[in-house]
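Note that the protein sequences, when read in sequence, are chains A and C.
Position 344, counted from 1, in the first sequence is what my numbering calls 344; the numbers after and before it change by one each time, with no gaps.
Position 35, counted from 1, in the second sequence is what my numbering calls 35; the numbers after and before it change by one each time, with no gaps.
Be aware that one or more of the hints could be misleading.
Said to hold, decoys possible - Covered stretches of chain A (chain C as the covering partner; in silico rule of three or more C-beta atoms under 8 Å from a C-beta of chain C):
id : stretch
1  : 177 to 191
2  : 220 to 231
3  : 237 to 245
Rather than coming from a laboratory, the hints here were simulated on the basis of the structure.
Here a beta-carbon is modelled for each residue, glycine too, at the ideal position from N, C-alpha and C.
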Amino acid sequence: MEQILKVNGSKANREFINGADAIVRGAIHAECDFFAGYPITPATPILLQMVNELPKVGGVAIQAEDEIAAIGMCIGAAMAGSRVLTATSGPGISLYSENIGMAIMGEVPIVIVDCQRMGPATGGATTTSQGDIQFLRWGTSGGYPVIVLSPTNVVECYNLTRKAFDLSERFRVPVFLATDKETVSTNVTVNTADFEAVPVRERNLAAEGIDFIPYRVGQASDVPDMAVYGGAHILRFTTSSHNEKGYLTKNRDDVGRLNEHLTEKISAHIDEIAMLNTDLQSGADTLIISYGVTARSVTEAVRLARLEGKKVSALTIYSLWPIPERQIREVLDGYKRVLVVELNHGQYLREIERLAKNDQEVIGLSRVDGGLISPSEILEKVGMR
Amino acid sequence: MSAEILNSYLNETTLPYPFCPGCGHSMVLNQLDAVLVDLQIDPHKLVIVTDIGCVGLSDKFFDTNAFHGLHGRSMTYATGIKLANPELKVIVLIGDGGCTIGGNHLISAARRNIGISVLVFNNLNFGMTGGEHSVTTPTGAITATTNYGHIERPLDICGTISVNGAGYVARSTVFEKNLPELITEAIAYDGFSLLDIWELCTAYYAPKNQLNKKSLERTLASLNFSTGVLHQEIRPEYSHAYRTVVTEQEEEALEPEKTSQEQFGSNLSKEVDFIIAGEAGKKIVSGAAAFSQGALKSGLWATQRNDHPVTVQSGYSVTELKLSPEEILFTGTTRPDVIIVLFDEGLKKVSPQINELCEDDTLYINSDLLPVETRAKVISLDFTKAGKWSGKKRLWCVMALAELLRNTNYYPLEAFQAAVSEQKRFAEDNLTAIEASEGLISFS
Numbered sequence: 001m002e003q004i005l006k007v008n009g010s011k012a013n014r015e016f017i018n019g020a021d022a023i024v025r026g027a028i029h030a031e032c033d034f035f036a037g038y039p040i041t042p043a044t045p046i047l048l049q050m051v052n053e054l055p056k057v058g059g060v061a062i063q064a065e066d067e068i069a070a071i072g073m074c075i076g077a078a079m080a081g082s083r084v085l086t087a088t089s090g091p092g093i094s095l096y097s098e099n100i101g102m103a104i105m106g107e108v109p110i111v112i113v114d115c116q117r118m119g120p121a122t123g124g125a126t127t128t129s130q131g132d133i134q135f136l137r138w139g140t141s142g143g144y145p146v147i148v149l150s151p152t153n154v155v156e157c158y159n160l161t162r163k164a165f166d167l168s169e170r171f172r173v174p175v176f177l178a179t180d181k182e183t184v185s186t187n188v189t190v191n192t193a194d195f196e197a198v199p200v201r202e203r204n205l206a207a208e209g210i211d212f213i214p215y216r217v218g219q220a221s222d223v224p225d226m227a228v229y230g231g232a233h234i235l236r237f238t239t240s241s242h243n244e245k246g247y248l249t250k251n252r253d254d255v256g257r258l259n260e261h262l263t264e265k266i267s268a269h270i271d272e273i274a275m276l277n278t279d280l281q282s283g284a285d286t287l288i289i290s291y292g293v294t295a296r297s298v299t300e301a302v303r304l305a306r307l308e309g310k311k312v313s314a315l316t317i318y319s320l321w322p323i324p325e326r327q328i329r330e331v332l333d334g335y336k337r338v339l340v341v342e343l344n345h346g347q348y349l350r351e352i353e354r355l356a357k358n359d360q361e362v363i364g365l366s367r368v369d370g371g372l373i374s375p376s377e378i379l380e381k382v383g384m385r
Numbered sequence: 001m002s003a004e005i006l007n008s009y010l011n012e013t014t015l016p017y018p019f020c021p022g023c024g025h026s027m028v029l030n031q032l033d034a035v036l037v038d039l040q041i042d043p044h045k046l047v048i049v050t051d052i053g054c055v056g057l058s059d060k061f062f063d064t065n066a067f068h069g070l071h072g073r074s075m076t077y078a079t080g081i082k083l084a085n086p087e088l089k090v091i092v093l094i095g096d097g098g099c100t101i102g103g104n105h106l107i108s109a110a111r112r113n114i115g116i117s118v119l120v121f122n123n124l125n126f127g128m129t130g131g132e133h134s135v136t137t138p139t140g141a142i143t144a145t146t147n148y149g150h151i152e153r154p155l156d157i158c159g160t161i162s163v164n165g166a167g168y169v170a171r172s173t174v175f176e177k178n179l180p181e182l183i184t185e186a187i188a189y190d191g192f193s194l195l196d197i198w199e200l201c202t203a204y205y206a207p208k209n210q211l212n213k214k215s216l217e218r219t220l221a222s223l224n225f226s227t228g229v230l231h232q233e234i235r236p237e238y239s240h241a242y243r244t245v246v247t248e249q250e251e252e253a254l255e256p257e258k259t260s261q262e263q264f265g266s267n268l269s270k271e272v273d274f275i276i277a278g279e280a281g282k283k284i285v286s287g288a289a290a291f292s293q294g295a296l297k298s299g300l301w302a303t304q305r306n307d308h309p310v311t312v313q314s315g316y317s318v319t320e321l322k323l324s325p326e327e328i329l330f331t332g333t334t335r336p337d338v339i340i341v342l343f344d345e346g347l348k349k350v351s352p353q354i355n356e357l358c359e360d361d362t363l364y365i366n367s368d369l370l371p372v373e374t375r376a377k378v379i380s381l382d383f384t385k386a387g388k389w390s391g392k393k394r395l396w397c398v399m400a401l402a403e404l405l406r407n408t409n410y411y412p413l414e415a416f417q418a419a420v421s422e423q424k425r426f427a428e429d430n431l432t433a434i435e436a437s438e439g440l441i442s443f444s
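Please work from the sequences and hints to get the whole structure.
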């Protein structure tokens with residue numbers, strides 16, 4: 001399993017920044033060159049920085065007339081050769097929804113940051129939440145898969161932004177960075193030596209001179225080579241069910257093949273996408289599972305419990321979707337009790353319940369009043385305090 | 001790409017058109033093909049963008065790049081394509097239905113004067129979904145959703161975008177002889193151009209409203225909708241203007257990334273949590289940021305979370321700060337060890353937290369706000385002692401923090417001064433205020 005949490009680097013590289021700063025820096029280092037967004041708390045700082053910073057590296061960043069236009073521009077730009085990013089919060093994801101489906105259908109590499117805030121609806125603009133975790137997976141018609149990564153801290157905002165660009169190019173699919181108000185807007189000391197230079201993946205462009213068929217794949221799980229407008233090939237892009245040439249079709253063979261492909265290209269590569277971190281203690285019968293901002297409290301709770309000689313294990317999940325089922329099952333194995341800690345009413349809990357064995361007790365710790373779950377609340381829940 | 005002369009841009013394998021007999025769409029597409037042949041635009045550099053509705057089927061008949069997107073969102077995709085690659089010629093083929101749901105995009109694209117050419121296939125209703133009314137359906141018309149007569153007034157697409165920045169605007173019926181010239185002008189225009197082409201929907205609108213070539217012209221006249229070129233102006237095209245504007249700024253804007261070097265030490269042995277309670281416009285956030293930077297310079301870890309009402313220039317401004325010799329994992333609210341209260345708005349906001357303070361905790365408070373009931377140790381701040389700086393409320397936050405450091409030595413005052421010096425705009429005032437702050441505190 002990939003270990004992506006690092007601490008205790010040299011003091012010389014410390015900076016005092018927030019998640020929005022780290023996402024912007026990660027995106028620019030990932031060679032993002034197009035951003036469109038619409039102001040919304042708490043994602044606005046990303047828009048503000050991108051409109052200032054992208055032109056300096058030859059990119060384009062624009063405030064669109066609404067969220068629908070923001071993601072629409074991103075999709076158009078991506079198909080014209082740009083590496084694109086947009087950032088919003090839950091209400092904006094609602095407005096992105098139909099275009100997210102189109103990005104899945106047309107196989108568009110795009111990175112979408114969701115700075116989660118309290119819902120439902122306008123909810124609490126300046127309060128933290130993890131309420132979009134199922135919404136990001138199921139938030140567009142048809143139910144086709146996307147990739148969702150969730151950073152637990154500011155350093156990981158940088159690292160996972162770079163990883164998100166990598167995966168979006170690899171799989172030609174929307175990749176979400178599921179972060180939250182607390183992580184993007186609270187300044188913290190970071191050690192920039194912990195920033196990981198995820199290599200920039202070149203776009204997989206179809207070779208010149210071949211007879212380019214835009215949606216032709218060998219196996220269902222393959223990702224088709226791309227062409228971009230203005231490049232070597234004439235490109236057809238469509239939001240409709242299409243054959244391999246990109247023409248609308250109702251032919252059941254073609255439609256079935258397309259839809260199997262859109263699912264298979266993700267589900268066949270879960271091991272490649274999976275990112276988890278385990279901190280397992282031998283002899284522990286309790287496992288605490290978390291993701292995002294909540295994982296920091298779990299780490300602290302585990303440290304405090306162990307200081308008092310108590311045994312407890314922890315699992316942090318970074319790649320929330322597709323669910324790394326095999327990897328989670330492996331970790332679950334042998335624990336009597338599993339606690340899932342999250343700032344919603346048990347959205348990932350239901351996934352863990354489904355993966356656990358019948359004799360394992362799976363419980364959730366939720367908080368939906370805008371406050372963070374503290375390490376002491378976690379210890380209380382597992383009776384270690 | 002290819003130097004050969006193209007005699008047609010149509011893709012024979014996708015023809016014939018599927019449109020209803022008498023539908024205007026086929027006529028316009030043939031004329032568009034003729035115009036493209038005339039202009040000889042490289043099909044690799046040409047993108048035809050369509051969305052939903054009968055006209056949305058059109059892109060497939062052309063052997064050019066094509067983008068077929070969501071209902072009414074053509075302008076957004078076209079804008080993204082043009083912004084990403086200004087060398088492309090981008091043509092949007094949209095219906096009056098697309099203009100209904102995408103009205104905001106239409107106006108915004110016009111305001112930007114983004115280089116896309118829009119041909120509106122305007123048949124006054126939703127032909128694909130069964131003849132419902134659209135944004136251009138005339139008042140009184142019978143449609144599937146206005147069986148008793150349409151009450152709304154139709155949108156004057158051309159008039160709206162003409163007064164909102166579009167560079168080239170024209171209107172025509174599909175029957176007019178000069179339609180090819182108008183299409184040519186619209187496509188050749190370097191900026192946002194729109195040609196509103198009135199047609200007959202022979203499946204729905206025309207039979208329900210006895211519309212034919214003659215009555216179509218009468219309808220236009222009754223609405224006072226002229227035909228021909230309605231508006232033309234020279235304005236910078238957006239994708240080029242963007243690059244000009246940002247290039248002019250580029251030199252000035254570039255700044256090297258800064259890293260905070262540790263220059264000072266600290267004796268802090270465990271995490272200390274603070275709240276600074278002030279009011280809007282009094283530099284609470286920037287004062288706290290300097291305090292955090294000073295901590296970094298002293299080898300400490302810090303977190304800073306700011307809270308204020310949505311109206312940023314009124315009400316409280318409260319910052320939660322944590323300093324620690326170790327990395328701070330939990331950034332959430334905890335019971336603070338130290339509360340600093342500078343202004344009344346802040347006092348009101350943090351009263352509940354003051355009530356929770358214990359004997360080991362400290363309350364630094366502006367002496368004007370005393371007395372306050374608390375179990376904590378109270379240290380008062382008398383800003384009148386700061387001489388000529390006493391009236392400068394914007395400086396009270398750094399003054400209080402300087403006194404706190406003198407009193408506690410959480411980290412060296414010099415580190416705070418070094419951090420303040422880096423805050424360019426107010427560095428000088430802040431440094432002088434820090435000096436003047438010595439002796440403001442008294443213990444009660």
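Each hint, compared with the structure:
For the stretch 177 to 191 of chain A, the assignment as covered by chain C holds, since 6 residues bring a beta-carbon within under 8 Å of that chain's beta-carbons and 3 suffice. Judged by the Cβ-Cβ criterion of 8 Å, the stretch 220 to 231 of chain A is covered by chain C as claimed, because 3 of its residues qualify and three suffice. Remark: the stretch 237 to 245 of chain A is confirmed as covered by chain C, as 4 of its residues place a Cβ nearer than 8 Å to a Cβ of that chain, reaching the required three.
In the structure shown, no violation is registered for any of the earlier numbered hints.
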